[in-house]
Amino acid sequence: MKYAALVIPVLFLALFVYAAVRRVKLYDCFTDGVKGAIPLVLSLFPYLAAVLMLSELFEGSGLSALLTEAISPALRAVGVPPEIAKLLLVKPFSGSGSTALLSEIFSVHGADSYIGRCAAVCYGSSETVFYISAVYFAGIRRKTPAKAIAVSLLANLLGAVFGCLFCRFL
Amino acid sequence: MNFVFALVFLLSGAMFLVRDPEGFLPALLSGGEKAAALSLALLASYCVWLGFFRVLEETGLAGKLSRALFPAAKRLFRSDDREALTLACENLSANFLGLPGAPTPLGKRAVEKFCAAKNGYAADVLFVLNATSVQLLPTTVIALRAAAGSSSPADILLPTLLSTLISTLLGLLFLRLLSPKRGKFA
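From first to last, the protein sequence lines stand for chains L and R.
So the first sequence is residues 16 to 185, counted in this note's numbering.
So the second sequence is residues 457 to 642, counted in this note's numbering.
These aren't lab readings, by the way, just hints derived from the structure by calculation.
These numbers were taken from a predicted model, which means no experiment stands behind them.
C-beta: ideal position from N, C-alpha, C; glycine also.
There may be inaccurate statements among the hints.
Cβ pair distances, simulated, as ranges [claimed, not checked]:
1) A610(R) to L57(L): 37 to 43 Å
2) L28(L) to L634(R): 43 to 49 Å
3) A524(R) to F184(L): 35 to 41 Å
4) R37(L) to R531(R): 28 to 34 Å
5) K574(R) to F31(L): 37 to 43 Å
6) G516(R) to E84(L): 55 to 61 Å
Next comes chain R alone, as it looks inside the complex (with noise of 0.2 Å):
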């Protein structure tokens, strides 16, 4: 990510050195502005569902998904932290159902659990099934081209079902391919 944000930072700021250069310093302050108006909104939508998973940990649901789950998740994340694992299988599940916002402070749990645990593969396993995530239903696709006046919105559901699945596959396959036996701490 260092190489990346140098690159882009470089190369986009050379561009706005020559064309127009009193343009840097507002887009630099706009996406600040956009980061300050995200926060409120993330924090906004993290109160809901971290009160949501505390009730539902509480109960004794999550860890009765994790262990129906579990020999499954010990195998795609090579590991065997039952905490870290009932996080991971939550956040997939979350993502499947299409909750705005509920996966990702589950994510990061997972993530920073496994990172704890040295488990650099499980972290990456969890990042590509989050970043190229199964879409069961794309609802703001749906409500744009509603809006843009389609003669049947939902058209387009198995084609992104269909090939989010490919995504999903393709990514876990390159995963696997590129990383050690032995998930390794990378």
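If we strip away everything but chain L, and leave its shape as in the complex, we get (with noise of 0.2 Å):
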């Protein structure tokens, strides 16, 4: 994993060089460059707001623990461990909150078990999809990009499925 630590320097750098070479106006375009970055926070803000004030509540009040019993016999039925509902469950609302949620996975059941290896792949395969709309979407007068939610959540937890048939031979 060392290599992977040169990615961001090297990109900075080169780009850099070649603008240099270029005769690009380096720190005039950096700044205004930088200019966007706070019109762009506050276009986010109150929907992040909105999203992450119902992701506490979906957590706090039990609903989420509640609909993670439900699901789990229908998910065990295709091979997730019921372990992992609740990953899947939480992981479209909050990133930070799954990855807590995978951290004690690991811790209960050992990093390198077949559940601990089914919640790293699953964790990884899916995104945080609700958080990502807020963000695209904020402030773009449309319908809802219901479709596009609907399709992404089902494709992600597809992919978590097959993401647990590949951990039990890979």
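Join the two chains into one complex using the hints; note that each chain is given alone, in its own frame.
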């Protein structure tokens, strides 16, 4: 994993050397880009706040635990261990919540166990769909992209099912 | 999203009411607190990456990259908008490289441009690609497994890559099946 650490510094240095050769005004140009950061965060903020409050409610009320119990038999039938059902349910809402769950699964079942590896793959293969939709569609006047969200959730779920299958022999 | 928000909010709120009425407000506040903290973290990362990408645009490298990917992107997004397609290609490249925080500002601008051009299909495609993104190097998972004492923390690379490939392909396939031929403004 040592080489992975080189990617970002090399990328920056290579670009800046190339920009200097092309006589780009680096300071003016870089600051011009940074100018966009504050309006971007401002436009995101209300949606972030709403989604994160919702995910706290979802988790804290016990609704997520209840749903976990409800869906785990169905997931077990397709080969997903029930311990992972909760991870799959929380991930679309909250990245930090699912990270906490993942390390909990590692400490209870061990990182090299079948359940631990399944959890790792499920975590890595699904995304925080509701969070991404809040960010990408923030402030855009358009009907809710319900279709895109539903499609992504279903695709991620199926990806997780295949992931657990791959863990059996990879 | 209005429906999901109302549904989850009402159901969770009702459960709080029955089980733990005093926990309701603290839960909301903790969500707000997380939003504030996350916004600061995002601001920091956007400063770095928006500066970086502005330089990338100015050198003309971004244009070269998008020209190479242009024919494929045109068909994938059913769009002719050069500027939006460039942003989308940059977003996907940043995603693929796993640069933390870099894809979001690009993706957001691309979605804005697609929507302004009334191309809802393209915005949906970009969203699905991001929401099922192919994971080349799941750094967080590897770090967590190493911390939990795994004997080979990186041995989930292949299953993760395969399952994300499957989810991305399925996502695109479903979207195509559900979308009318001429990417209508949905």
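Now for the hints, and whether the structure bears them out:
1. A610(R) to L57(L): 37 to 43 Å: holds (39 Å)
2. L28(L) to L634(R): 43 to 49 Å: holds (44 Å)
3. A524(R) to F184(L): 35 to 41 Å: holds (37 Å)
4. R37(L) to R531(R): 28 to 34 Å: holds (31 Å)
5. K574(R) to F31(L): 37 to 43 Å: holds (38 Å)
6. G516(R) to E84(L): 55 to 61 Å: Since the Cβ atoms of G516(R) and E84(L) sit about 56 Å apart, the hinted range of 55 to 61 Å holds.
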